[in-house]
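When the sequence shown is numbered by this note's numbering, its final residue is 306 and no position is left out of the sequence of numbers.
Incorrect hints may have been included.
[Said to hold, decoys possible] Straight-line distance between alpha carbons at most 27 Å, and here's what the computed BS3-like set of lysine-lysine pairs gives:
1) Lys-225 / Lys-196
2) Lys-253 / Lys-196
3) Lys-238 / Lys-195
4) Lys-195 / Lys-249
5) Lys-238 / Lys-225
6) Lys-253 / Lys-215
7) Lys-253 / Lys-195
8) Lys-215 / Lys-242
9) Lys-238 / Lys-253
10) Lys-249 / Lys-225
11) Lys-249 / Lys-238
12) Lys-266 / Lys-195
13) Lys-253 / Lys-242
14) Lys-215 / Lys-249
15) Lys-266 / Lys-196
Derived by calculation from the structure, the hints in this document are not laboratory data. Only a predicted model underlies this, so the values are computations on that prediction, with no experimental measurement involved.
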Amino acid sequence: TLFGSNEKGIEGLLNSYLDSMINLGGLLIYAVIIGSENVFLLGGLLILTGAVAYCNHVAGKKSYEYQGEFWSNQMNFDYLKREALEVPNGKDIRLYHMDRWFSKEFRKLTNNAVKIEGKTQNVFFYAGIGEKLLSLLRDVIIYGCLIYFMFKGQINLAQFLLYIGIVAGFGD
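Let's have the full structure, built from the sequences with the hints guiding it.
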């Protein structure tokens with residue numbers, strides 16, 4: 135699906151490229167600031183960020199597999215449509231009462247396409263849930279550590295507010 139929609143193929147890559155670069159820059163700045171405070175915290179954040187990236191990678195890979203199924207189904211549908219619309223085949227279709235068979239096959243192929251698209255959407259749905267849960271875990275850890283650092287006197291209020299702003303910006 136090179137040109138399938140705004141979220142896929144080349145257009146999807148171009149649409150998401152700038153956001154990806156901004157997020158990568160935020161991650162690097164975030165890593166430097168948090169890493170200067172606590173190396174173990176940085177390691178945990180990198181692991182959680184890697185897990186989120188892995189969820190999205192698996193979803194994209196699975197979606198690509200489903201696209202092969204979809205296009206195979208689509209080629210069968212197109213073939214059947216061409217044959218049903220060929221004028222010379224009209225006589226045979228009427229003579230042998232194949233109209234019901236064509237209708238049944240069209241329904242079957244259409245339902246199959248809907249199932250494949252549903253599987254594709256489910257993959258991204260579950261990847262999104264995984265991403266949100268891991269992001270929640272990351273934020274709980276970060277906010278918890280920042281509050282802990284502030285109560286222990288390792289950071290002052292101005293630093294705390296700066297870090298909270300960075301965390302909030304990174305989470306977007």
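Here's how the hints hold up against the structure:
no.: 1; hint: Lys-225 / Lys-196; in the structure: violated, 43 Å
no.: 2; hint: Lys-253 / Lys-196; in the structure: holds, 9 Å
no.: 3; hint: Lys-238 / Lys-195; in the structure: violated, 32 Å
no.: 4; hint: Lys-195 / Lys-249; in the structure: holds, 18 Å
no.: 5; hint: Lys-238 / Lys-225; in the structure: holds, 19 Å
no.: 6; hint: Lys-253 / Lys-215; in the structure: holds, 25 Å
no.: 7; hint: Lys-253 / Lys-195; in the structure: holds, 13 Å
no.: 8; hint: Lys-215 / Lys-242; in the structure: holds, 13 Å
no.: 9; hint: Lys-238 / Lys-253; in the structure: holds, 23 Å
no.: 10; hint: Lys-249 / Lys-225; in the structure: violated, 33 Å
no.: 11; hint: Lys-249 / Lys-238; in the structure: holds, 16 Å
no.: 12; hint: Lys-266 / Lys-195; in the structure: holds, 19 Å
no.: 13; hint: Lys-253 / Lys-242; in the structure: holds, 16 Å
no.: 14; hint: Lys-215 / Lys-249; in the structure: holds, 20 Å
no.: 15; hint: Lys-266 / Lys-196; in the structure: holds, 19 Å
Consistency with the previously given hints fails for numbers 1, 3 and 10, ordered from lowest to highest.
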